[in-house]
Amino acid sequence: MITKRLAQQVLNECLSTGCDFAEIFLEETETEKLSVDNLCVETASSMTSYGAGIRLIRDLESVYGYTNDISKKGLMSLAFSLKQSFDEKRKKECAPIKKMRINNRHAPKIPYASYSKEERVRLLKKIASAMEIDEKIVRTLVNLNCNMQEVQIFNSDGKEVNDCRIRGRISMMAVAKDENGIETSHEGPGAQKGMEFFLEENDLVAKAKEVAEVALTMLKAKECPSGKMPVVIGNGFGGVIFHEACGHSLEASSVSKNLSVFSGKKGTQIASKLVSAVDDGTIPGGWGSGNVDDEGNRCQKNVLIKNGVLTSYMVDPFNGKRMNEKETGSSRRESYRYEPTSRMTNTFILPGKSTVEEMIKATPYGLYAKSLGGGSVNPATGEFNFAVDEAYMIEDGKITYPVKGATLIGSGSEILKKIDMVGNDLKRAQGMCGAASGSIPVDVGQPTIRVSEITVGGRGGVRQ
Amino acid sequence: MKFDIYFEEAEKIGLEALELYYEKESSLSFSLFHEEIESYRVSDTYALTARGIYKGKFGYCSTEKKDRCTPKYVVEQIKENAGINETKEIAEIYKGSARYVKKNVYNGEYKKIPTEHKIALAKEMERSLRKADSRIREVEIEYSESESEIGLLNSYGLKLKNKSNSLVYYVCAHATDESGETKSGYKISFENDFDKFNPNEIVREVVDKTISQLGGKPCKSGKYKTILDKKVVASLLSFFLSSASAEAISKKSSMLVDKLNTKIASKKLTIEERPLTRNMFFRSFDDEGVATSNKKIVDKGILKTYLYDLKNARKFNVEPTGNGYKGGDGKAGISFVNIYLKPGKKSLNELFQVVQDGIYITSVEGLHAGMNAQSGNFSLQAKGYQIENGKKGRPITLITVAGNLFDMIQNIKEVGSDSELLSSGFTSSSMYIKSMAISGN
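Chains as they are written, first to last, in this note's numbering: chain A, 1344 to 1807; chain B, 673 to 1113.
Quick caveat, the hints were computed from the structure, so don't treat them as lab data. Ideal Cβ placement from N, Cα and C applies to all residues, glycine included. Just so you know, not all the hints are guaranteed correct.
Claimed, not checked - For each label pair, taking beta carbons as the anchor points, the in silico distance ranges come out as:
hint: 1; chain 1: A; residue 1: ARG1806; chain 2: B; residue 2: SER1091; range: 40 to 46 angstroms
hint: 2; chain 1: B; residue 1: GLY829; chain 2: A; residue 2: GLU1462; range: 36 to 42 angstroms
hint: 3; chain 1: B; residue 1: SER1091; chain 2: A; residue 2: LYS1761; range: 40 to 46 angstroms
Claimed, not checked - With a straight-line Cα cutoff of 20 angstroms, these simulated EDC-like cross-link-like pairs (lysine to aspartate or glutamate) come out:
hint: 4; chain 1: B; residue 1: LYS1018; chain 2: B; residue 2: GLU1092
hint: 5; chain 1: B; residue 1: LYS924; chain 2: A; residue 2: GLU1385
hint: 6; chain 1: B; residue 1: LYS751; chain 2: A; residue 2: ASP1739
hint: 7; chain 1: A; residue 1: LYS1468; chain 2: B; residue 2: GLU758
With the hints as constraints, model all of the structure from the sequences given.
Structure follows, in structure tokens:
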């Protein structure tokens, strides 16, 4: 996108008023969206995002600016305006720039470009038709979103990194309706891969049927009772509980400022001994993976919790300075419009030994939260909430009937300690995570787990 | 900016019509940590969203690029995307309304105030917060100012422009008590005139919101008379408004199907859209170029209108209501600006008096997942206070409030008089609901 020479010039302009680090992040992202609503192509759109972000750091002070004008004039004028924040003499010159070699571990086998828009439409319609298993399915919605993000990163330490990230995701939703109400169900498989992920590695038609079946099941569901009870949380997207209730609180952006419940807890037991968890940005083709993070540092596998003991945070270089820790390849951002900070990649609880049947059997009365929806957490207090999309009551060690409208609430640090069974069925699922540096693709994941007690909210009254 | 070339290129490749919508934005923001500037940001951006008609269908393309090849690229993408579009609706680019209200809501005075002064005010608020109560352990303060110009041009010669600006302080405190439990409280204060900020008032409100939550515990599960804070009211009612979208009506995915001119809520509920109010949310045209107008959506509990963009107005054979606003992909969706909930006569304290014993909910979390936008069923994490003997009492936390939005609005007993324009562009007031299901202990 820009030459080494121009990068050096801009970085030197940044350094001229005394900052100790400067970085340029350039990006061009092409996104293509296709949306098939009730078997009809409703939208086809193309989007280009294009621009540069410049960051200056002095000690624990950071200055960030961005623009769409990546000409010499545009970048120099942004550098000039940013450097006004500092008023010291130049401390250093930009080091000679050397390009870092990257071995792309996430390159697509079947590029999107080789598969025409018409062919993509045919695939989406096949998925949509597969959801029409009952006349109560009143609406189907299938989207394909694919994008290619090319980035170029330069910094005053002499780094140049070029990376290309290609991602695709198909989301499918079924709406079921009868005289009692409307229920929706959805799935959204995605990967940092090409069309092979949808054509060869996944049976999307089978997935689509499941989605429709869940929507129909939930039509028959009763309102979920409320109160404190044991909860068996399903694998895959159930890992959002760990993502929200624990993952965010392990990000250096809140830990370093002492704003997290887990600040200063490294080496201590924060979870049940059954819990080990990782943040692994190296999984080939993983939705949240990368060759390098958005500062050009190599992605890595970080063991966050081992047998219940907190072993590592997710650290970006800037917050790492404050807490005196090395970065962990965790610095991410949605686009050039965001200053990067510590974020998750693919974060999940490692498998244990129990089977789902054992967990259900061991529960006299409780909730089987098979599939969770989204949730949120306040990192300062650790308080979280999740919606449950698909749930069943467990009575006398058996699954009895579906329930709807359940919410799980609690505090992350407490829940972690209450995990008393961990399954052997680890699965990852894709999501978009929103935080300070924008909305980024991440995997959540876990095997099925049982929590001895969670507050369940619902409209079905309290069990007598 | 030179847009003529886009129209020329469009004509060359046979697009029947073209519409360009651009947004130019510049901003400055900073945040403090321990009274030092922790981050400082500036930005200057431009984005073009275009749609065009080819063989009677819409194609979409948006870009942030502005080089020589862009116009040709944009119109070609539109043509390709239109080629696979199968919607049956008639694609229409608007020729223009008879009249557009003109008001200047841009106030450039803020640029004359030096940034140092804006930083000093933030530091002063941080010091006051820390001084106000020793339990306040951390403070986060962010300031941001931005101005944006949007413009709409189309092949029929329509040219519209709107410029606005806003200045925002976000002030948040974290307090920890002897038991080690932490609570946070915040205030988003926004103006378009810097001199209107009232730092003492902001600090007082944040301290009160934060400290008063300490020691909070869940209450007993059960049904309670409930007062919802105006912020909560605005969040919940925005889901109601989404159900009034003609798109949702036409897709039959709304509970408001066939409810026009019927009573759908308590007579205490009157909701208006007032896009023409002179404030920073003012809009005289929507993103399709249709002139906006002030109108009642719900009048004393009766649903008066759905919200239409061009496409749905055509489908329902009515006039568009100026509610076509674009999403990220350039497609017009239905949205609204400057929503106004008609306030009642009683202050918040008077409402506490009326309720005597109940729950006052000050915040709900997890709306994106805990609210079923179609059925209106919700189950949300909440916090607030007990209402005891007609007064705000002890703090409660980690409860869930569950119910159905459409039932809830039938059960509005009173709307408060504490009307305030919130940062979401919603002028809202507190609300007293006859009964809500709370789950706690």
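Quiz item: Among all the numbered hints in the text so far, which are the ones the structure does not match?
Solution: Going through the list in order, the structure violates hint 6 alone and respects the others.
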